[in-house]
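Protein chains: 2
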Amino acid sequence: MPIYKAPLEDVRFVLDEIVGLDKLSALPGYEDATPELVGQVLEEGAKLCEEVLFPLNQSGDGEGCHFENGVVRTPQGFKEAYTTYIEAGWQGLACDPAYGGQGLPKLVNIMMEEFICSANLSFGMYPGLSLGAYNALATYGSDELKARFLPRLVDGTWSGTMCLTEPHSGTDLGIIRTKAVPDEDGSYKITGTKIFISAGEHDLTENILHLVLARLPDAPAGTRGISLFLVPKFMPKEDGTPGPRNGVACGSIEHKMGIKASSTCVMNFEDATGWLVGEAHKGMRAMFVMMNAARLAVGIQGLGLAEVSYQNAVNYARERLQGRSLSGVKAPEKPADPIIVHPDVRRNLLTARAYTEGGRALGALVAYHLDVAEKHPDARARRDADEFVQLMTPIAKALFTDIGFEAGNIAVQVHGGHGFIWETGVEQYVRDARICQIYEGTNGIQALDLVGRKLPQDMGRLLRHFFHPVGRDIEADMENEDLAEFVLPLAKAFAKLQQATALIAQKGMKDPEEAGAAATDYLRLFGLVALGWMWLRMVKAAQAKLAAGEGNAVFYETKIKTARFYMAKLLPQINSLFITIAAGAKTLMEMDEAAF
Amino acid sequence: MPIYKAPLEDVRFVLDEIVGLDKLSALPGYEDATPELVGQVLEEGAKLCEEVLFPLNQSGDGEGCHFENGVVRTPQGFKEAYTTYIEAGWQGLACDPAYGGQGLPKLVNIMMEEFICSANLSFGMYPGLSLGAYNALATYGSDELKARFLPRLVDGTWSGTMCLTEPHSGTDLGIIRTKAVPDEDGSYKITGTKIFISAGEHDLTENILHLVLARLPDAPAGTRGISLFLVPKFMPKEDGTPGPRNGVACGSIEHKMGIKASSTCVMNFEDATGWLVGEAHKGMRAMFVMMNAARLAVGIQGLGLAEVSYQNAVNYARERLQGRSLSGVKAPEKPADPIIVHPDVRRNLLTARAYTEGGRALGALVAYHLDVAEKHPDARARRDADEFVQLMTPIAKALFTDIGFEAGNIAVQVHGGHGFIWETGVEQYVRDARICQIYEGTNGIQALDLVGRKLPQDMGRLLRHFFHPVGRDIEADMENEDLAEFVLPLAKAFAKLQQATALIAQKGMKDPEEAGAAATDYLRLFGLVALGWMWLRMVKAAQAKLAAGEGNAVFYETKIKTARFYMAKLLPQINSLFITIAAGAKTLMEMDEAAF
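Residue numbers (full-length UniProt numbering), protein chains in the order written: chain A, 1 to 596; chain B, 1 to 596.
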């Protein structure tokens, strides 16, 4: 049976020492988000995840969702767990108090999302989709729509979806066919088929609000002709309770590799009543609000799975007795030593650990900037923070989900043959993690977003929000002997990143396929440097604490050792990545399609 | 629905142009293995795999094996397919004609095994285990045991297993507890529990022969006290037909991540009658005969899955219309271009292709040496060939199974969301491929075998069987301008491998944990150089054919382009690997166990 304990100490460290929660508490609207309150909230959240959600993860995978005559039943225990979840107010944690939310920073919510995804990713999909719908509606919905629907999304009695994909249209939303025809009363009739709709149908809430991309009759071709509509499963009555059924139904659910307790639905819309969200033909803009938040959230899913995978791998490596240490018997009283004595097992464990902790710090930093972008009184500060988020979102999504999959596989590998057995519980993490690299834009699409949109935007202005602080941090400690073993490798890696950036900008200007060919390697290179930067910051914070004799010395010493491992064993990947980036597009493009 | 066509043209190329099947036909015992006969055999084999085994792959995964009261039923169609398989004589393809086999080279059998594993890995497990049992029995069994049992394994009416693992004992076989007590009639009574026994129980054959590791009462502790026994499910009667049930029964089957149509059994032995195979206490030696052949076979499983994954990824990338080419519209008559126009999709496809084809050539070269080691009239030639096989076996096992998993994941990624859906059929390849990295010794154990046993053996003598021919090939073409773009990167990579080897030999002598810490990266580095060597050879062969105007020009040009991709985009991994190898063991070992 797998184990899970929420990493409260590490989250605390990241919030207090790395991103600076106290600076958020100083922003208008976040006055209540004191370290004490946040600490209590996260402790409660940890308990919920460990005691309520985690015990349903494996049983949910084994049972899956049930579909019969258009009705979806979630696995045993999910409805009760969901009720517990919403009754404690978790759905509204970071939502506007005007609609019943608690108004805590998104940073706090992201930390809680990590716990949820470690404990039970399938469960987390339902509230996660609702939050995506909330974000889009809160940003682009009319006051009437907001007043009518947001309180239900915030209290969790109703849930939300994002209906984008169609059978022939995934990455390329410009070719969707779902139609919206204006009705006399100002509403629209929506008709079409959407697939891969997470939480499209289920038994957790009394109503479901679908956010649907569709084309109006006068829509121009391509993505400039897409509009966003709100389509409820049940039409709300005057008193706000669910009324008659709308023209939307679940046609079937998918039989998938993982996240089996999350319903993935084919949704058929037939003259379903909906309301326009935002402007006509500007649906992509609103959708991107949902997608950007969702992309960071998917990255956090990856980290959540990485964390629980790491914990289980360590747990097994301590218990499993097999063979003897290469440096002499370590447990003479036992028939064999625990496998954690072996360097290759440690290499596996530390890989998962260094990625996860580095990713947690980076994810928190992005979430922190989300909050600044929303709440800072200064417009320039808001814009800068928003640009940092824009730049880092594709990196966080792709890098963290790759980390989640890698850590899941590490957990399986450390378990040996037992890892392949369903009952052990870790192969589920591999299957669950696999989708995170695909949905909300495949990781290849994230890489194209980075090199094709974010990199050239405003002559590279976005990039400066990363390059400047990293450069400053490196410069500040270039002569610091206590940090030399961390600063020097980071400085080398950062130089490679700058070189690679210049190379891609220059070649990509002439030939976009050159940028496309480098995209995935470049995103990884960028991500590795970003994690290296986080590790430098974490080492500095840990050294300061140790020097001051404050806190848990073992925790801080372990941080420093993990950073050392990262610099020595993971960051060097940048060398090969730089070479393959520089190798260009030729070997990819010279092959005839027919020759593949 | 997935697709599969056996890659006959590429296999032909490898046999004729790279490893030299004609040289095998010149060895005593292989006179019949003419290119014509082998061609016919492989064509028949391809047909069987495409038409009989492949259609059962997905249905077998969906249905799985059934267990009831100690009886295992394989999925629908498996028994009929198995009958077809053995009636056509495939089980005895490479077996001794003295026992009814066809006596073809192992090289030919390995190629057929690749087809089988592409078509249906779960099915392939049953005959694969039988062949492992055949190899051990043929090498170490008494004449009486051989005469009595080998014909049944060869004609496939009986099958075999390898019973090694126990609940507390996997990698570390020195601590097994299964006991063997001598009986008066020269047989033994075997008692104990074995787990993870592939094909331990099923309905395909009338009897099952278990090869079981156990301890005799006077056995010394550790691996030097293990003996190998043959334990049949049914005791054979005088006339050779199965008689009364022996004391061995299947307790349960595992619920696994993949290879669901292959039964993985808990086998309980209770005073089961068995016969000693080989000498008492020397069971590990006999087991290694099975394991070495099995390790190469598992590597080939990885390649088989890589091939079918590649084919499905290409097929989808040609059909799926999504977005437009970065260099301008390619299919104006269609709503979007096929995704194969995108550089990042091509990078994925070519990665799978270059690994698979390079791996196929390397796997064939190892199999070729297996044949030479057995059949060559000159003892020195036999020894040299055997040493090459010993050196390359852990590399083939680990590298090829990593390639299988990576290619499976590439197929899923290219399919986007559709790849995560069971019906699409490619996520099965990921789940099936995952076990190949674990069984027959995890890939971490292969790496330790390479650095701990193979590298130091006889002062590095094994290594020379690789280093010398690679060095010669590089030197021979160092000045050849037509090959410069291939020879130069290979030469650089080869130099890094030599440096890394010296480094590990030197540091590992003083501190075995230094070797252990480098093992996995070193195996990968070695494997990448080996594939680079194969690509150089393939380019030379292709250039020669093109210069002579012989054969399919597109095939040879594509070989050269794929080699170019390999050198530019995959081989550069060696740079990072060298750095992490050189970084040593310190960052792995300095962390306290409790701090993980």
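Some clues are possibly wrong.
[What the hints assert, rightly or not] These stretches of chain A come out as covered by chain B in the derived footprint (C-beta under 8 Å, 3 or more residues): (1) 419-433; (2) 438-444.
[Stated by the list, open to error] Partner residues aside, some chain B positions facing chain A, computed with beta carbon under 7 Å: (3) Thr83; (4) Glu87; (5) Gly89; (6) Arg346; (7) Ala519; (8) Lys561.
Keep in mind the hints are simulated off the structure, nothing from the lab. Beta carbons: idealized from backbone N, C-alpha and C, even for Gly.
The hints, checked one at a time:
no., hint, in the structure
1, 419-433, "holds (count 8)"
2, 438-444, "holds (count 5)"
3, Thr83, "violated, 29 Å"
4, Glu87, "violated, 33 Å"
5, Gly89, "violated, 33 Å"
6, Arg346, "holds, 4 Å"
7, Ala519, "holds, 6 Å"
8, Lys561, "holds, 5 Å"
Of the numbered hints given earlier, the model fails hints 3, 4, 5; all others are met.
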